[in-house]
Amino acid sequence: MEPMNEGKYKWCRRIILLTLIVLCMRLFDLQILKGDDMKRLSEQNRVRVKKILAPRGMVFDRSSKVVADTRPSFNLYLIREDIRDFNQTVDGLARLLNLDRNDIINRLKEARDYPSSFPVKIESDLSMDQVAKIEANKFYLPGVTIQIEPKRNYPYGIMLAHVLGYVSEISSDELKMKEHKQYVPGDYIGKFGLERQYEEYLRGIDGEQRVEVDATGREVRVLDTVEPIAGNSLHLNIDMELQTVVEKAFDGKKGGAVVTDPRNGAVLALTSRPAFDPNQISSGVNKDYWAKIATDKTHPLQNRVTQGRFPPGSTFKIVLAMKALEKGIINVNTSFSCTGGFAYGGRVFKCWKKGGHGSVAVHRGIVESCDVFFYNVGLKLGVDAIHEEGETMGLTKVTGIDLPGEKAGLVPSTAWKQKTYGEKWYEGETVSVSIGQGAVWLTPMQLVQMASFVANEGVTFKPQLVSRIVSPQGKVLKVFEPALLTNVTPSKQAISNVKDGMRGVVNDPRGTAYASRLPNVAISGKTGTAQSASLGAGRGDHAWFVAFAPSENPVLSMAILVEFGGHGASVSAPIAKIVTDTYFKEQKEIKSAQLNAHR
Amino acid sequence: MHIDKRRLYHLDWYLIGNGFALIAVGMLNLVSATRSIDSGPYNLLIKQLLAMGIGLAAVAVIVSYDYRVIAGYAKYWYVITLILIVVVLILGTIAGGAKRWLTIAGVAFQPSELMKPVMILLLATMLHQRKKDDEPLGLKDILLPLGLILFPCILILKQPDLGTAVVIMLSCFCVLWFVGLKKSTYAIILALTAGALPIFWQYLMKPYQKMRVLSLLNPELDPSGFGYHSIQAKIAVGSGGFLGKGYLNGTQHKLHFIPEHHTDFIFTVFGEEWGFIGSIVLFLLFASFILRCLKISENTSDELGATITFGITSIVFIQFTVNILMAINLAPVVGIPLPFISYGGSSLISSLIGAGLILNINMRRYMF
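Chains as they are written, first to last, in this note's numbering: chain A, 1 to 599; chain B, 1 to 368.
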């Protein structure tokens, strides 16, 4: 023992004590004061909540054919927390998937308010080739994960596109809306058609999985799982067999057609052309497709049936005939002389038939679509009476079909002109309106309601695409009962005269659509050839045909429009013939099948 | 080899018990720490037990000979160890980017660990030969010893193994301080160190080592890079809370959030599972061991014995302190093991050799 070193030992003990105090203080701070924070951090390290996407509800046609379902797809996500070298991962992804680096960064920016463990969707529906590339390079791409998730699938492609609509990723603007609180970036949402209309039913409830992950983000084990609940199914009134026939008839044409059941408003077929392939829009891969569709000058994203307003042409004569007969302005024998033209206000309004029809009463007026007859009727009625009848038939409002964005047409009135232009109505304008030109604009959807109004004698129903909504367990959640749209009783005389006229259009040898008659089923209709107001030279007239069948106890109403198609009689009426023929053949098959089943 | 039976009574059973308590804690903790290691959990435990066996055999051999005889051969131990270190630099096994291991017949050994007690033996012996009466040593007396310290340290830095080099240099400084230097000599050493630091930083430190130091100052600056491990280590210890998550229940190390969690970051495993209470108990075990060694040094009348004991005690203290500070994010990440606890055969054997020397000195302290 050295006296000299005694002091040194003392110093050593002090240093040891001091060290212990420092260590204990730090431990106290970390484990006791910050212990709960640290526990939370280690828990966040360890546990990650994974979303399990609910498969969207299926859509069936009236005979339970699948028209929209889901299929498995590979989606690529980035988890920012797991990224080690930002540039390596982002550049690697951009190169492997042929993406723009800035697109990836924008995607990440969109999710900046979410925790760094939130998986940000970068690309959806990867091809097997892309999946293989990513998997092979996974080691160099920390933070990248591929999930197998349900993806919307439309087996019929462009058929029924405007009815079904499409889904796509929720936009950042939509995310900000209050009603989209439960959505996160990367979620799909119905944007158009039924997908949008019935989003809340179709969406389902996403499940959740809590998984333990290691430091590289690799899943070690599943802690617990809340299974997703699939969306509810829609059962449509659409008849795919009829739809297919209509779609085929429209190949290479522009326009739209709708077929409904006048007895209840059920929509049996609805097409609009040009169309789009909802499969390609719903897939994230094909951004070019979306750009092409959205900027196409022929507006494939417009539903011509519910959103396209066209001059109704001669089909509008039904409105005038109804009102004039109803009001007693004309009777079945009231005749006007047609010499092929009608002079009014210093101008000659022509009849489509150059030589004129001679003396024409209401029946021939409709059957042969004499313009001069209706110029006279129109002037006698005045525009406000025409408007009144339009209102009675429900042509001044939207029909209320279960599709988003429906537009209403226009049946003018003096009040409307005063209000809109601050000008008085000129009688000369009434002349144009009398043959469905000028300020009259209607959608095919509204015109099919007009056909139903006549067919069902004043009682029409709201057009309805979805008949019932069924839960994944098969429980019927909602049944759409027919909802009255108009419920009036027109005079017997008016309705029977108009019906006779419309029957004659197809079945009278002088009728404008005589060529489209069927031997076994009587079709009633009205042709229309409307001058398009478009300024484009040589684009031609819109070909209309509005019809119901059979003429007695009708079960089908239809409105067919071929844009710039030419004559309604030669272009649109034949489509009505095919539709009617198909429908009744189908009914016959169903009946014989039922009979066979009984035996 | 003969052991005087009476000497066994002079073995310090308190120190032995304390040492075994630390080793037992280490083995227990190792089981938990190595659960997630791919080569199998018990593989490493068995290796560690084997190393303990070799270490204990070394202790038995060391206590059989008078420590003065052993210290007399210090320069030979030094030369042998130095040769091994040079061989490592040429033929060593690379692991984790560093050449620290020498593999002989499938057994990897880290000669730099052995240098820790050997350096103390050599330095204590040399300083004693130079010391006359109670005169403090001058610069001339310590020039050669300083050179002999720096040479292996530079070789070790080349491996690179900053931790071991730092431990050797700091413990040697403790020995110099214990023996006593002239005030002017302290001043010169201090000035030389201050002057060497920038050169050391500039030329000898690897970029990753610099980053570790810088990230200590602000780990959140680069939370997924160099600061990541420090933050994760802190989270592991902190999440243990007061009572800990329970033995085998730690998640941070099991899920690989902490690298080297069974070697240099072993305390994060212990802290997470045993909490504040367990950590305090572990600290007290270390404090008791260190204070006991210090007491032995104090009670040893032979100055050589007292110096060797002091030097070895300083090694244990420095390693313990820096290792814990590193785990709780108060010191930069350097490869310094926690004595008796960290996985690593060389480190355990080196610690046991040190303990054997202290036991030896304690046994013979009444001989004068």
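These aren't lab readings, by the way, just hints derived from the structure by calculation.
Hints may contain errors.
Claimed, not checked - Distance ranges between label pairs, derived from CB positions: (1) S184(B) x D37(A): 48 to 54 Å; (2) K10(A) x S184(B): 32 to 38 Å; (3) V222(A) x F20(B): 40 to 46 Å; (4) Y73(B) x K10(A): 56 to 62 Å; (5) I32(A) x A196(B): 36 to 42 Å; (6) L192(B) x K138(A): 48 to 54 Å; (7) I21(A) x I154(B): 47 to 53 Å.
Built from N, CA and C at the ideal position, the CB exists for glycine as well.
Status of each hint after checking the structure:
no.: 1; hint: S184(B) x D37(A): 48 to 54 Å; in the structure: holds, 51 Å
no.: 2; hint: K10(A) x S184(B): 32 to 38 Å; in the structure: violated, 24 Å
no.: 3; hint: V222(A) x F20(B): 40 to 46 Å; in the structure: holds, 42 Å
no.: 4; hint: Y73(B) x K10(A): 56 to 62 Å; in the structure: violated, 34 Å
no.: 5; hint: I32(A) x A196(B): 36 to 42 Å; in the structure: holds, 41 Å
no.: 6; hint: L192(B) x K138(A): 48 to 54 Å; in the structure: holds, 52 Å
no.: 7; hint: I21(A) x I154(B): 47 to 53 Å; in the structure: violated, 35 Å
Checked against the numbered hints above, the structure violates hints 2, 4 and 7; every other hint is satisfied.
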